Amino acid sequence: MANIHDNPNRDAWVKKIAAANTLANGVKLLTDFRAKHLSPFKTDFSLELDGQWIELKIEEKVALLKHKEFNDTQFLNNSATGENAQKVADAAVAKINATTDMYEAERIHINFRLANKPPILPVNVFLDADRQLGTKLMELRNTDYYALPLEELRKVRGVKVITLQ
Amino acid sequence: MAISTATKAATDALAVNRAPVSVGAQEVHRWLQSFTWDFDKNRTKYSTKYKMANDTKEQFKLIAKEYARMESVKDERQFGSLQDVLTRVDAANRVHPKWNESMKVISNFLEVGEYNAIAATGMLWDSATAPEQKNGYLGQVMDEIRHTNQCGYINYYFAKQGQDAAGHNDARRTRAIGPLWKGMKRVFSDGFISGDAVECSINLQLVGEACFTNPLIVAVTEWASANGDEMTPTVFLSIETDELRHMANGYQTVVSIANDEAASKYLNTDLNNAFWTQQKYFTPVLGMMFEYGSHFKVEPWVKTWNRWVYEDWGGIWIGRLGKYGVESPASLRDAKKDAYWAHHDLFLLAYALWPTGFFRLTLPTAEEAEWYEANYPGWYDMYGKVYEEWRARGCEDPSSGFLPLQWFAENNHPIYIDRVSQVPFCPSYSKGASTLRVLEYNGKKHSFSDQWGERMWLSEPERYECQNIFEQYEGRELSEVIAEGHGLRSDGKTLISQPHTNKDGKLWTLDDIKKIGCVFADPLKAL
Ligand SMILES: [Fe+2]
Ligand SMILES: [Fe+2]
Chain A
1 MANIHDNPNR
11 DAWVKKIAAA
21 NTLANGVKLL
31 TDFRAKHLSP
41 FKTDFSLELD
51 GQWIELKIEE
61 KVALLKHKEF
71 NDTQFLNNSA
81 TGENAQKVAD
91 AAVAKINATT
101 DMYEAERIHI
111 NFRLANKPPI
121 LPVNVFLDAD
131 RQLGTKLMEL
141 RNTDYYALPL
151 EELRKVRGVK
161 VITLQ
Chain B
166 MAISTATKAA
176 TDALAVNRAP
186 VSVGAQEVHR
196 WLQSFTWDFD
206 KNRTKYSTKY
216 KMANDTKEQF
226 KLIAKEYARM
236 ESVKDERQFG
246 SLQDVLTRVD
256 AANRVHPKWN
266 ESMKVISNFL
276 EVGEYNAIAA
286 TGMLWDSATA
296 PEQKNGYLGQ
306 VMDEIRHTNQ
316 CGYINYYFAK
326 QGQDAAGHND
336 ARRTRAIGPL
346 WKGMKRVFSD
356 GFISGDAVEC
366 SINLQLVGEA
376 CFTNPLIVAV
386 TEWASANGDE
396 MTPTVFLSIE
406 TDELRHMANG
416 YQTVVSIAND
426 EAASKYLNTD
436 LNNAFWTQQK
446 YFTPVLGMMF
456 EYGSHFKVEP
466 WVKTWNRWVY
476 EDWGGIWIGR
486 LGKYGVESPA
496 SLRDAKKDAY
506 WAHHDLFLLA
516 YALWPTGFFR
526 LTLPTAEEAE
536 WYEANYPGWY
546 DMYGKVYEEW
556 RARGCEDPSS
566 GFLPLQWFAE
576 NNHPIYIDRV
586 SQVPFCPSYS
596 KGASTLRVLE
606 YNGKKHSFSD
616 QWGERMWLSE
626 PERYECQNIF
636 EQYEGRELSE
646 VIAEGHGLRS
656 DGKTLISQPH
666 TNKDGKLWTL
676 DDIKKIGCVF
686 ADPLKAL
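Which chain is which? The protein sequence lines are A and B, in order. For what it's worth, my numbering labels the leading residue of the first sequence as 1, then goes sequentially. For what it's worth, my numbering labels the leading residue of the second sequence as 166, then goes sequentially.
Any given hint might turn out to be false.
[To be verified] With a straight-line Cα cutoff of 16 Å, these simulated EDC-like cross-link-like pairs (lysine to aspartate or glutamate) come out:
| hint | chain 1 | residue 1 | chain 2 | residue 2 |
| --- | --- | --- | --- | --- |
| 1 | A | Lys155 | B | Glu297 |
| 2 | B | Lys679 | B | Glu649 |
| 3 | B | Lys216 | A | Glu139 |
| 4 | B | Lys610 | A | Glu83 |
| 5 | B | Lys210 | A | Asp128 |
| 6 | A | Lys15 | A | Asp44 |
| 7 | B | Lys222 | B | Glu297 |
| 8 | A | Lys155 | B | Glu605 |
| 9 | A | Lys42 | B | Asp676 |
| 10 | B | Lys596 | B | Asp546 |
| 11 | A | Lys28 | A | Glu83 |
| 12 | B | Lys609 | A | Asp44 |
| 13 | B | Lys609 | A | Glu48 |
| 14 | B | Lys658 | B | Asp676 |
| 15 | B | Lys501 | B | Glu476 |
These are computed hints drawn from the structure, not numbers from a lab. Predicted model only: the values in this text are computed from it and were never measured.
Full structure from sequences and hints, please.
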């Protein structure tokens, strides 16, 4: 019986992950991977089945590299990119608070997650920013929720209609 | 050592409000009310569009100690009956075999709902600011822990004392293959714990508990007893005694936000989406479990549905909340249309997909076919004659080489899965209200079966990314997938699921499936 946790896709990534030996390498590998394979805006569906497992393995590696390269103060206060964590979070919150467009807010929130989900930012900083971004996004999305008929909503979302019965 | 701000606040409060000398419950409760918490600095961890008022009351006014005494009495009665009298009269072997299978699904699935309800009410405890309201949610956290254990215990009891343990034990290991699991996770898991905290309360308490626990936990006990099952009423009615508190909590959630202007902007949208989310799965699945998973019928599902969902909930309960601006959901009318045929449509697919389950299904007998036709005129021409054809082709017999899934392929009736609810549907062979809608987004196709779900996806597509089994296993052979997904009994070759409950009938093995050469295909690729 096949082991459901092993397949050539995953094996290839396990090797790439092993090769990342500095925090900077690890961070780049992780954020590039998320943007290409896990973004809700992605156009590459080649890792639909294995993407989350691979992401988890890269995150494990980044967490270890962060532990190795950071001292305690850096570990609690910095993003894995080296920036001040609270500043990164505050910038995203300020940006979303400045918009009234739900589609722009959606991009701000989603891109914040792709770039900063732990272990990139420390959990305490990330979650509180995520709560504020989520609150704002939900407020925009849920205002006049039924304003557009479906035909127009499809256009705004940018979908192609294949079948309508 | 420095004490935390919270510890200091508690110590200061105790200095002002001396603890009562007696342990009288109401006195202790009054004393608890005298605590006020400063929520400017103590904010919730969860996102919400609403502000819960700081002075919300709660009706039960139970303190933890009083609660524990009450629940321990309920537990004594329940476990006492199960372990003593019901075991002595061999109750688990008196259950009709068809109903034995239904309880594999009902109790294992409800356990997931109870487990997520623990998390949901913990989240609400964190989100509320009024001490009494928090206390109400806390009571519910404890209830839901109890219910998780109770549901697990039902399957444990059936597995240990009763007939055909496979599927009562360890059902969850099959979760990757069965198409019913993912929809169940939508209602019982995502719906309760993801998104806005108040929206979660609406899903769990205002819809899940106030609307669907009546058919789910009360009606199920009638069907159980009619089919010889005394264990399920013993446990589920004990669960239901706690649900009043949960419905009251849902009511108080609405009261707590009623004066916030956000409520008029968002509340009815959240309610409509929550109702549609819950009903889209429960309406067909409960109807299917009751009618097709029983031998002795209580009443047609459409009647139960109209009484509990449409009149009792949609009319009376929601009517009572009218003074807080709550309106009956716009999707209720579409749901009513589905309550007549949707469960018949679903059973046709569930039976066809039987090898992917963790329970045994049974085709309607001639006597049952008469009951269906009498209560749902037109049933025979649509469903009855298909079951006759399948039976004639030997769908129950492992040597026939026939899986009903082949019938759908032969007759060009593709089966799709709704991205939002994860409920399978067959648009070219159904009598329910589902309509096929396929949209392509960034190069990937998504199918939907109704306007409400389509709008939910268009508004928040990243919430509904779950792959369905056709995408997940595309190109792979069925027996391989079953083996990989742990769908086998302890002998390592017989399937847990079977297409009959006939004691003398032969059981299907992995080899019987393999011989057929059934390969998963994604119907969206053909469009
Ligand atoms: Fe419960
Ligand atoms: Fe409950």
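Against the structure, the hints:
1. A C-alpha spacing of about 47 Å is found between A:Lys155 and B:Glu297, which places the hinted pair above 16 Å, so the restraint is violated.
2. Restraint check: the Cα-Cα separation between B:Lys679 and B:Glu649 comes to about 13 Å, which is no more than 16 Å; the hinted pair holds.
3. Taken as a hint, the B:Lys216 and A:Glu139 pair is honoured in the structure, with Cα atoms around 12 Å apart against an allowance of 16 Å.
4. Proximity of B:Lys610 to A:Glu83 is assessed by CA-CA distance (about 39 Å); at most 16 Å being required, the pair is judged violated.
5. Distance hint between B:Lys210 and A:Asp128 is fulfilled; the C-alpha atoms sit about 7 Å from each other, no more than 16 Å.
6. Pair hint A:Lys15 plus A:Asp44 does not hold up; C-alpha atoms about 21 Å apart against a cutoff of 16 Å.
7. A threshold of 16 Å between alpha carbons decides the hint, and for B:Lys222 with B:Glu297 the separation of about 5 Å falls inside it, so the pair holds.
8. Restraint check for A:Lys155 and B:Glu605: satisfied, since their Cα atoms lie roughly 12 Å apart, inside the 16 Å limit.
9. For a cut-off of 16 Å, the pair hint linking A:Lys42 to B:Asp676 is broken: about 40 Å separates their Cα positions.
10. The hinted pair formed by B:Lys596 and B:Asp546 meets the criterion: a straight-line CA distance of about 11 Å does not exceed 16 Å.
11. As the CA atoms of A:Lys28 and A:Glu83 are separated by approximately 14 Å, the hinted pair is consistent with the 16 Å bound.
12. In summary, the hint linking B:Lys609 to A:Asp44 is supported, as the alpha carbons are separated by about 9 Å, within the 16 Å threshold.
13. For the suggested pair B:Lys609 and A:Glu48, the alpha carbons sit about 11 Å apart, so the restraint of at most 16 Å is met.
14. Of the pairs offered as hints, the one joining B:Lys658 and B:Asp676 holds, with about 8 Å between alpha carbons and a cut-off of 16 Å not exceeded.
15. Restraint check: the Cα-Cα separation between B:Lys501 and B:Glu476 comes to about 11 Å, which is no more than 16 Å; the hinted pair holds.
Hint violations for this structure: numbers 1, 4, 6, 9, all remaining hints satisfied.
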